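Using the hints provided, position chain B relative to the given structure of chain A.
Now for the letters of each chain:
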Amino acid sequence: MSSPERSPFSLQGKTILVTGASSGLGRQAAITCAQRGARLVITGRDTARLQETYRQLPGDGHAQIKADLTQATDRDRLALAAGRIDGLLHCAGKQKLCPIRQLSEQIMTEVYAINFLAPVMLTQRLLQASAIAPGGSIVFLLSTAAHTGTAGVGPYSAMKAGLIGIIKCLALEVAKRKVRVNGISPSAVVTPIWDAGHLEDQKARHPLGLGMPEDVANAAVYFLSDASRWVTGTSLVMDGGAV
Amino acid sequence: MSTTAQDPFSLEGKRVLVTGASSGIGRQIAISCAQAGAQLAITGRSRERLEATAAELPGQGHTQIVADLTQSADMERVVAEAGVLNGVAHAAGISRLVPFRMLNQTHLDDIFASNTYAPMLLTKGLLAKKRIAPSGSVLWIASIASHVGPVASATYAASKAALLGAMRSLGREISKQGIRVNCIAPGYVRTPLLDGLQGSGGNMGDLLELAPLGLGEPEDVANATVFYLSDASRWITRTYFVLDGGLTIPMDIYA
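First to last, the protein sequences are chains A and B. For reference, each letter of the first sequence is one residue, going 1 to 243 in the numbering used here. For reference, each letter of the second sequence is one residue, going 1 to 255 in the numbering used here.
Chain A on its own, in the form it takes in the complex (with noise of 0.2 Å):
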């Protein structure tokens, strides 16, 4: 009755796509994603790691692909590659800390070319290769950032709020397939990019505490089953109540 492969948050029999699948956020999903019943296509930058979540995944099937997403050639590789997929997550991006002021045009070229050209030109490659399943979900990680202001963050925040402008009009583009696109937006999740004292200071602005990387798994998962068929143009913030 209740068993995951027969709930409406099942995601047995789809094909999902895992950007950024090495570490953190990414290979958690990926794993989570294995664990309800996906064949997981996961790419990431580093051939080890990538390995090593390769190695993690339950179940058959699954492909890895190295590749660095901010690269074309890399992304028109990875768009042949993977096949019909049902599912697209965008969990590869990099935080940069840099005041305005201090900022050159090649570290904002550097935030843009990760966290906002690399998932925009791969949803279009995939777009164009016909890839995305009539029903499939795109979902993008992004981050509290997205909408809220913090000093030292604008080259990141920026980057991440507009990707909610590319979810709010892809969702119309694709609508008339079926296809959906929302976002995720955490604050502090306890992951390799965030050192300890960064984590430490968050924890007080946290009522629930800091997030693990299966809680975004898990709303990454709603997002990716059937469950959310008729959610679109939405991002859920999850932040343990932030204040």
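The set of hints was computed from the structure by calculation and includes no laboratory data. Watch out, some of these pointers could steer you wrong.
To be verified - Subject to a maximum C-alpha distance of 16 Å in a straight line, what follows is the list of computed EDC-like cross-link-like pairs (lysine to aspartate or glutamate): (1) B:LYS130 - B:GLU76; (2) A:LYS96 - A:GLU110; (3) A:LYS178 - B:GLU217; (4) A:LYS168 - B:ASP252; (5) B:LYS129 - B:GLU76; (6) B:LYS130 - B:GLU81.
Bear in mind that the values here come from a model prediction, so they are computed numbers and not experimental data.
Quick look at chain B alone, frame taken from chain A:
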């Protein structure tokens, strides 16, 4: 494959109170929660329709409480009989199309009593009697009407918007016990309430066609509710979540 006990989306072992369970969204929430393994306490005003919902619940140990939550004696009875809860889904609500120039105190009182005061007072009653277990999850069903602002819906939109502010404050007060509170704001869903608005001369046809994914089904709201009541959302509190088939994407609603 993980076992049911480890499934974060399961409601196995949880007791859930659903208001407005005699029809529409509340009825489907009750059914979907029971399918996810929860033991239900359901409440609604009509004994006959509440029993019809109860008959559709899989599993055992469910209870039903006939009550009008705008009456304090009924409210107290629900608090007394609901048991210790791990989840509360407040779906009871009413709507009436009234042009602003026809507003009066009675209309405001009626709508706010059902849509705003009832969820706030019921939640207060349950908390005061320690009927919500630590790590419990409270979900109030709001409405995208608060953002869309349909004509002749000022009172309804205001009554649902009020829940968003109340939820933000309540969430801070109960986080110490690990209890979460959130709102979800559905768009137009195929329910008797919507049928009633259509029948009373509401011209909603345009709005329905605007939603890129069409009209929602009660199951869509129920599935979101299961997510919010399950441990899968254990880090989510003080938020509201829009599910509307994309209706509000072209509107300036900041969500």
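Each hint, compared with the structure:
no. : hint                : in the structure
1   : B:LYS130 - B:GLU76  : holds (13 Å)
2   : A:LYS96 - A:GLU110  : holds (10 Å)
3   : A:LYS178 - B:GLU217 : holds (15 Å)
4   : A:LYS168 - B:ASP252 : holds (11 Å)
5   : B:LYS129 - B:GLU76  : holds (10 Å)
6   : B:LYS130 - B:GLU81  : holds (13 Å)
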